[in-house]
Amino acid sequence: MDFINTNSPNGGHTTVFIEDRPMDNVEGRMTVSGSLMQNIGDPGFNTLDEPIQTTIMRDLKAVGMKFKHVLYLKEKNTLLKEWDLWGPLMLCTFMAMVLQGSPDSKHLQGDGGPEFSEVFVIIWIGSVIITFNSKLLGGTISFFQSVCVLGYCLLPIVLALITCRLILIFHQTNFLFFIRFAISIGSFLWATYASVVFLGDSQPQGKKALAVYPIFLFYFIMSWLVLSHTV
Amino acid sequence: MDFRALENENLPPLSNPTEVPLPKYPIWTVEYFQKYFDVTSEDVIERIRGALIPSYGVNYLQRYIRAKPDVYGPFWICLTLVFSIAISGNVANYIQVAADHDYNWKYNFHAVSSAATAIFLYAWLLPLILWAFIKYKEPQFSLSYLELLCLYGYALSIFIPISVLWVIQINWLQWLLVAAGTLVSGYVIVSSIMPSLGQKPFAFIFLITILHLFMGTGFMLYFFHVPPIQKS
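Going line by line, the protein sequences match chains X and Z. FYI, in full-length UniProt numbering the residues of the first sequence are 1 to 231. FYI, in full-length UniProt numbering the residues of the second sequence are 1 to 232.
Hints were generated in silico from the structure; no laboratory data involved. Predicted model only: the values in this text are computed from it and were never measured. Misleading hints may appear alongside valid ones.
Which residues of chain X face chain Z? A partial, calculated answer using Cβ under 7 Å [unchecked claim]: (1) K68; (2) A96; (3) M97; (4) P114; (5) L136; (6) G186; (7) L189; (8) A209; (9) W224; (10) S228.
Derived pair list, reagent style DSBU-like, types lysine-lysine, alpha-carbon separation capped at 30 Å [unchecked claim]: (11) Z/K68 - Z/K24; (12) X/K208 - X/K76; (13) X/K81 - Z/K35; (14) Z/K135 - Z/K35; (15) X/K208 - X/K74; (16) Z/K68 - X/K208; (17) Z/K135 - Z/K68; (18) Z/K24 - Z/K35; (19) X/K61 - X/K74; (20) Z/K24 - X/K208; (21) Z/K137 - Z/K24; (22) X/K208 - Z/K35.
A virtual CB, placed ideally from N, CA and C, is assigned to each residue, including glycine.
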């Protein structure tokens, strides 16, 4: 079997030729869905033939682009249309790994922090609850789009977590605490603002504040976890 | 029951009431539950304000909720209260520890789960039990579970600012706040339920008041009055 795909630049049709057959028997239309359409201009583009490295790099690049959009907030469509859950998974796993502590605060070994699974569950269940809330209020956004945006907008908080982690290496003073406090507040405002920019338009008139408030609460809690993480 | 209908007519409509009957949706769809979230931002703010600053002689349930009980308010007020209690409880604990010049402070994440259990049991399960109990004793009791839930949920909203103020470690101030919080929210709840209770409301009122006092005191003692950590 030999597949030759020709993507016409305007129509998006993919014509498939198969050896030994007259071409008018098998001519048809194949639509390739979703996130694989990035290299649509390339002739002979096929994900089956390319090395695995290329496939992974392409996905990583897509995730990286979305990270960039969260930080720059220039255009909204990439994050909403081509949703994926790889970025949220990475951010969530990273946060849960760094924030995890041992819950037993009575003994000296424990730091009273949340366990890995608790952070993980708070993030995922939290974004699911926020999404359901916006659907119940009559929002027009799809379920996974919203979960994707909420996950990607954790990026400022993850950056704050990394910075705070670095600050915690030094001997702690009131001044360093103040810096960590300011960083957490800043990342919280940034994350909230970014997700409101992405999700704000999907709510009906007069209910926008009701949909934004849970997002505010969610990122506030995440920033609190970042600030409280001291060990 | 007549005075209630009369009272309703004199009030301005809360939000745009739906004249056309809503289409029926099966229970597993999101649209089925949208009727419990059919409030606007102004409605919610108005309901919270009504619960924070109750005025004498106004039946809160009649004035604010009766048109359309919602689930949005009780749910997010309870969730906010869970985290405001957990976070300020931690801050209070930090202040107590820091006052002893012992900087070996550890935060207690698990205040979140205990606060969540306490608050959701109080605001969601208690109205259900109360509703079933009153319905069993007084069959003409006219309030629905949704209305009781809405009432309890919004009444708890006063504890959100109070939980922040509980951080201040002055004993008489903390008790004053307990008294103020339980009095205001208790008044809102009792004055709304009382007209529906029939001839002998006092046993129920007594029960509701005792539980409410117990809840307010419990929050303060459990989350904010922790004895300082023993120095090892």
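Within 30 Å, alpha carbon to alpha carbon, are X/K208 and X/K76?
Status holds; Cα separation ~18 Å.
Does the alpha-carbon distance linking Z/K24 and Z/K35 stay inside the 30 Å limit?
Within the cut-off at roughly 11 Å; holds.
Interface restraint verdict for X/K68 against chain Z (beta-carbon cut-off 7 Å)
31 Å, violated
Given X/A96 was flagged as interface, is its beta-carbon under 7 Å from a beta-carbon of chain Z?
13 Å, violated
Would you check whether X/P114 satisfies its interface hint, that is, whether its CB is within less than 7 Å of any CB in chain Z?
Since the shortest Cβ distance to chain Z is 4 Å, the answer is holds.
Against chain Z, with CB atoms and a cut of 7 Å, does the hint on X/L189 hold up?
17 Å, violated
Hey, Z/K68 versus X/K208, does the alpha-carbon distance stay inside 30 Å?
19 Å, holds
Interface hint compliance - X/G186 to chain Z, C-beta minimum distance less than 7 Å:
Result: violated, 18 Å to nearest chain Z Cβ.
Is the hinted pair X/K208 and X/K74 satisfied, with a Cα-Cα distance of at most 30 Å?
Satisfied, since the Cα-Cα distance of roughly 22 Å is no more than 30 Å.
Given pair status - Z/K35, X/K208, alpha carbons within 30 Å
This hinted pair holds, its Cα atoms lying about 17 Å apart.
Would the stated hint for X/M97 survive a check requiring a Cβ distance to chain Z of less than 7 Å?
At about 16 Å, which exceeds the 7 Å cut-off, the nearest Cβ of chain Z leaves the hint on X/M97 violated.
Chain Z contact restraint for X/A209 - C-beta distance below 7 Å
Constraint on X/A209 satisfied, holds at 4 Å.
Of the numbered hints stated above, those contradicted by the structure are hints 1, 2, 3, 6, 7, 21, listed in ascending order.
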